[in-house]
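K.L.:
Here is what each chain is made of, one letter per residue.
Protein chains: 8
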Amino acid sequence: MTKPYVRLDKNNAAVLLVDHQAGLLSLVRDIQPDTFKNNVLALSDLAKYFKLPTILTTSFESGPNGPLMPELKEQFPDAPYIARPGNINAWDNEDFVNAVKATGKQQLLIAGVVTEVCVAFPALSAIEEGFQVFVVTDASGTFNEITRHSAWDRMSQAGAQLMTWFGVACELHRDWRNDIEGLATLFSNHIPDYRNLITSYNALTKK
Amino acid sequence: MTKPYVRLDKNNAAVLLVDHQAGLLSLVRDIQPDTFKNNVLALSDLAKYFKLPTILTTSFESGPNGPLMPELKEQFPDAPYIARPGNINAWDNEDFVNAVKATGKQQLLIAGVVTEVCVAFPALSAIEEGFQVFVVTDASGTFNEITRHSAWDRMSQAGAQLMTWFGVACELHRDWRNDIEGLATLFSNHIPDYRNLITSYNALTKK
Amino acid sequence: MTKPYVRLDKNNAAVLLVDHQAGLLSLVRDIQPDTFKNNVLALSDLAKYFKLPTILTTSFESGPNGPLMPELKEQFPDAPYIARPGNINAWDNEDFVNAVKATGKQQLLIAGVVTEVCVAFPALSAIEEGFQVFVVTDASGTFNEITRHSAWDRMSQAGAQLMTWFGVACELHRDWRNDIEGLATLFSNHIPDYRNLITSYNALTKK
Amino acid sequence: MTKPYVRLDKNNAAVLLVDHQAGLLSLVRDIQPDTFKNNVLALSDLAKYFKLPTILTTSFESGPNGPLMPELKEQFPDAPYIARPGNINAWDNEDFVNAVKATGKQQLLIAGVVTEVCVAFPALSAIEEGFQVFVVTDASGTFNEITRHSAWDRMSQAGAQLMTWFGVACELHRDWRNDIEGLATLFSNHIPDYRNLITSYNALTKK
Amino acid sequence: MTKPYVRLDKNNAAVLLVDHQAGLLSLVRDIQPDTFKNNVLALSDLAKYFKLPTILTTSFESGPNGPLMPELKEQFPDAPYIARPGNINAWDNEDFVNAVKATGKQQLLIAGVVTEVCVAFPALSAIEEGFQVFVVTDASGTFNEITRHSAWDRMSQAGAQLMTWFGVACELHRDWRNDIEGLATLFSNHIPDYRNLITSYNALTKK
Amino acid sequence: MTKPYVRLDKNNAAVLLVDHQAGLLSLVRDIQPDTFKNNVLALSDLAKYFKLPTILTTSFESGPNGPLMPELKEQFPDAPYIARPGNINAWDNEDFVNAVKATGKQQLLIAGVVTEVCVAFPALSAIEEGFQVFVVTDASGTFNEITRHSAWDRMSQAGAQLMTWFGVACELHRDWRNDIEGLATLFSNHIPDYRNLITSYNALTKK
Amino acid sequence: MTKPYVRLDKNNAAVLLVDHQAGLLSLVRDIQPDTFKNNVLALSDLAKYFKLPTILTTSFESGPNGPLMPELKEQFPDAPYIARPGNINAWDNEDFVNAVKATGKQQLLIAGVVTEVCVAFPALSAIEEGFQVFVVTDASGTFNEITRHSAWDRMSQAGAQLMTWFGVACELHRDWRNDIEGLATLFSNHIPDYRNLITSYNALTKK
Amino acid sequence: MTKPYVRLDKNNAAVLLVDHQAGLLSLVRDIQPDTFKNNVLALSDLAKYFKLPTILTTSFESGPNGPLMPELKEQFPDAPYIARPGNINAWDNEDFVNAVKATGKQQLLIAGVVTEVCVAFPALSAIEEGFQVFVVTDASGTFNEITRHSAWDRMSQAGAQLMTWFGVACELHRDWRNDIEGLATLFSNHIPDYRNLITSYNALTKK
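Protein chains in written order, with the UniProt record's numbering: chain A, 1 to 207; chain B, 1 to 207; chain C, 1 to 207; chain D, 1 to 207; chain E, 1 to 207; chain F, 1 to 207; chain G, 1 to 207; chain H, 1 to 207.
Some clues are possibly wrong.
[As the list claims (entries may be wrong)] When the alpha-carbon atoms are kept at most 30 Å apart in a straight line, the in silico DSS-like pairs for lysine-lysine are as follows:
no.: 1; chain 1: D; residue 1: Lys-73; chain 2: A; residue 2: Lys-206
no.: 2; chain 1: D; residue 1: Lys-10; chain 2: C; residue 2: Lys-101
no.: 3; chain 1: C; residue 1: Lys-101; chain 2: B; residue 2: Lys-3
no.: 4; chain 1: E; residue 1: Lys-3; chain 2: G; residue 2: Lys-3
no.: 5; chain 1: H; residue 1: Lys-206; chain 2: H; residue 2: Lys-105
To be clear, the hints were calculated from the coordinates, so they are not data collected in a lab.
All chains should be built: construct the whole structure from the sequences, respecting the hints.
P.N.:
Here it is, written out as structure tokens:
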């Protein structure tokens, strides 16, 4: 009667970054801007680090919603990039769904702006089609805590797993011995407290 | 074992506005007054915009609970208006249920004051009768976070979907191309951050 | 796959007040003291108003836990009063269970201090024996929000309904016409905002 | 359709303390440091008091993650101590799983740093293997409330019970008469408000 | 260069209760309603207990601002009661100033709704005329923390002393031996935590 | 040794609205957007209502800072409008200072975005030149509470008075009898709780 | 026009611990109990470490206020201990003032429960008599933030310096070289984050 | 009777960065880590941008306090770097004071960890010697809000000006025309909301 443990597998996971656009980012007020920017870039860094197929999509980027965060474009120059002409739910866009299916992956890591629309709609649609959906909650932003928790409830009840970028990285990596330095660098770049630990550690051991 | 994705359909949805009365509004303390007023009016605007059948109901409006917010009366002059003589759960009122059924819609968007009574009671009753119930959480207010989360838990466990007015508007609209200006106007009137984006955009593109 | 709507029925409900003792009350820090005292007294007032069988129980009241709040003793001088000699879960005490069963009611409204122990334990036990359990969340207090939400999750997942005293009163009363003045007095005594509405209303209508 | 009441039994429970390391503790920011340290030590004290088999494990303790909190090492000098060479999910470490199974217990109390990784991963794995899992939420810490609630949701949906150290102690003890002084000492050492009650009580009764 | 210690003297103090009206109370959102009502009644109880001359005043009580809290009227049936015909700053009303001066007191304890207008304006005016002004901050309410702290800053910089009802009671009483039971009763009626201490104390010492 | 009571006088006051531009508004995160927009419009409404000379100024409005809020432009079509070519402190702009001096007023009500720059700099400069400065704190926004309180401290220590739009309106109006309906309309349009009071009042008295 | 820098001098400072009694501690709700207990013990530890003359005083300790925290009695067995028979302001008690003057120190570090009475009253009295007063804000507790900030404002305006125990320890110690281990031990015992730093440091340097 | 407006002058200002060390940073809990790191780097970037003489100092960097943040060392390779052998107040270190005086500047911008010690002590000492002191509050961190506000009060009362890095940058720059791109780059790198504005602006104007 409970959800089974669906464990992330780096050979079976793809990342969907939905509508992290310069204009829409000003709507995000449930996470502070410094923190939110860091979380989104941490997610994109881990996508790159684990070589996960990544799909970018935007909504009306030539209008007030604004262009995709430039950092994302730069990081995935060859990723499928679906500038949707109007579909609010990215899953209503055939190109997008085709791109997702073309990855051949069953596990979808979804993040976006705003949580209850750009994330929840494709998450719910993907679950319906049998995908295993993982919402990256801290790389997804919205207006306030009421909308956040309403969206989380709707997605969780439908079967999505709620995770954050750090949990995703750890579950994908599984064992530090696969690449200690790589994971430590990812953490050092996005968790100031962890960087401090490494700085102090290096000062004492590397002289 | 999880809730299926019941997607809002503008041809199959009705809006129930329950007890947004001038007196009762002073009881709402889990959302700030400026924000709450804005959310309620955003919901009524979207009901009108999508031409959703809308039903108004009040509890004892000649007593201390006070009259319905005048803005709602003005916006829906021809809507069924059930001034309940005493039933606390609107669903206990035959006229109300008849009005709901007369819409012929299966999806009910419910908002009201206070959340755990005026919203939760008819929501639970409607689910029992087979309706698909969507609680518009940010157009529903109550005393504090304890009552809010108790009510959310009860409704969610019973099968209601928790959404906010913005998510509702987006799920009903589906595609910007159906009417870009209409949706943008709705957002501009009720999301100051979005209005700012449009103002800046227009300044640069419409000179 | 969702919980059915179990509706409170004043002919089928009993109230269990567990360990609202002067010493233990100093442990309650997830609700401010003025508010918590008011909520507990509101629950006891409604128990009395609706003539619900009420059972009082305490844990070690001669020790540091201290005596039951005097207001509760005074309000229910003839209620079963089980001073438990040591059982932490009141349901482990045969006298208590017998008293509950003697009421002949199937719906149990439970409140107490602290939420995750004195409320959750008997709530879980009673559900196991087939009772319909309603936790009165705002008349139950505990150390902080972490313990509150942990306890709520455990109880909700086990089938308990989370409500507050106001929702309970409204669901029991069902229709203002059953006794307008009685319900209004209950609200006026425990909701300052509602009292203000009545004061202003009376000033304008009763001169 | 709801989780049954799985009650903690001191003859059937083991405690898993995962990665409470000096470096990792600086990452914990969803609970204040004084409170978190107190909660962890309360859990270890109760493990000792109830003579629960306890297993210690760490991740890379010679690196920046730092050594286990010295207080835990001192309290359980003879406990199985698995310094994992790299597995992030402790359940991926054969020695750890063997140690757990060697206890012969079915109920696992898990706490650690950080909640969504070091706690959630082994919790989900253990549930999959049929163990009854209890997360000790307030002896587990993480970055912020978003990660906490994401992790709680994932674990709760998978069947874990969320409790805090105080609830655990009470459910294990069951009856004060089993040892009044022992339980009171545990509470006095870790709940300042309870210590105050005892101080005042003793002053009045023991002169 | 600092303010001298102006100590409250029960023979030289008067209480001004400004605009605690049923309608205006709904504007108070920087203090929870249960707590605010309790604070106001605590102040009026202490005014009565210390036999301080007390002056009541209201603004447009026949309009939407509503009537004075009935409890205040009942407690001070013979107090000067100035229903101001329109002056927003009570000090602009000659009857009010005359009533203040007629008390012959130099120390004015002022509380009211809302803080930055009904309290701050007469406080600033009274300071200008040489009175020693004490703002009872927790019996004064306003819209939010921005208005509260703006008003506090303006009054403090002008020379007002910021106190709460509890500090006022203690500074007026000076020595418990003047009347132990009287002060304890005042605290017991308005500080639930203190009432609990007394309940536990009495249980142990008065059997 | 304390600041004297400088009372606002509608014949001696001017309003300076500094940099309420569509782009800069997205930087404001110490006040929620709905509330902030309402506060700014309340201030501009009161400026108009009291016929206070009002000066508009912007910084680089053709760049990313964006154009002035259109509502302000519309409300003051004939007001001096100084689009500063580069001066960050508006007081460094001769046209602006001349416009201020041309009003002939000694009391300056200043609001803007962001508080510690666009408000604080001209406020400090104006004080230096002998003006009486009133900061309208709730119509001024900034990044977070640290910047807000740093700016408030700097301005208050320099002699500025901190007020909010409501206090300003009340101190300017002085007596309801000057125009009951005008002031009530201003409040009704910008304080939802006050509007509710009026709605209920009218319902009972105007039928 | 500003306060001069009065620097703490370990040869000229005394500590006054006022009314840290088991009953009164239950009134402290502006600081969490674990943290508050830690702060008070940190202050008493530093008093002992720096060999500062320390004076203990209580109010009615045989009544509901309860006995002094036992830890304080144990730490200062030979300190002057003034159990006041009734004076609320400790400075009204001749024995207390004599004890203070007998120390021959000019700098008084004051902490107590509750801040606005037991701390503020003697602080204001001592300033009046020419002492240099330092309020140890985090070892002083009170009902809520309103009373805290009212009390802080009153004391600060009167010339008191607001510090916390950590700042006090650092200003007294002046130079780590005076005793590295002593100061580090004090910090390690009362700042978990600092203890973690030392634990990690030792693990790397002392093997 | 108020502080005069001391305006920052880029030709007369120096920056003192005190104890931003990897270990000590783990003590900072009044600002979130992402935000705090960003603020410190923003301050160092502006110091470099305005070519302000900058002085680095640390306390015991070979011990648990850890080394200076590497980013600061890299940014100011030629700055005076005073690794204090033990003085807690940097101003007690002759080398440090000499370095400050050698800059020939009268305006000192001070930031550090922790606020009430490493910032407040040298700030108070510098004021005593006649410097104009500006505390960069958001690049200074400490344990919690109690210590922050105690330290702010002490410094402000002593004559320090409280500012944040953004206000400092604006007051130093004075006029955008001095270098539009330079200032915009500084803001874009450290204020995500501002970067978004620029991204959207460029997308519309630079195609």
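K.L.:
For each hint, tell me whether it holds in the structure or not.
P.N.:
Against the structure, the hints:
no., hint, verdict
1, D/Lys-73 with A/Lys-206, "27 Å, holds"
2, D/Lys-10 with C/Lys-101, "29 Å, holds"
3, C/Lys-101 with B/Lys-3, "36 Å, violated"
4, E/Lys-3 with G/Lys-3, "12 Å, holds"
5, H/Lys-206 with H/Lys-105, "42 Å, violated"
Checked against the numbered hints listed earlier, the structure breaks hints 3, 5; every other hint is satisfied.
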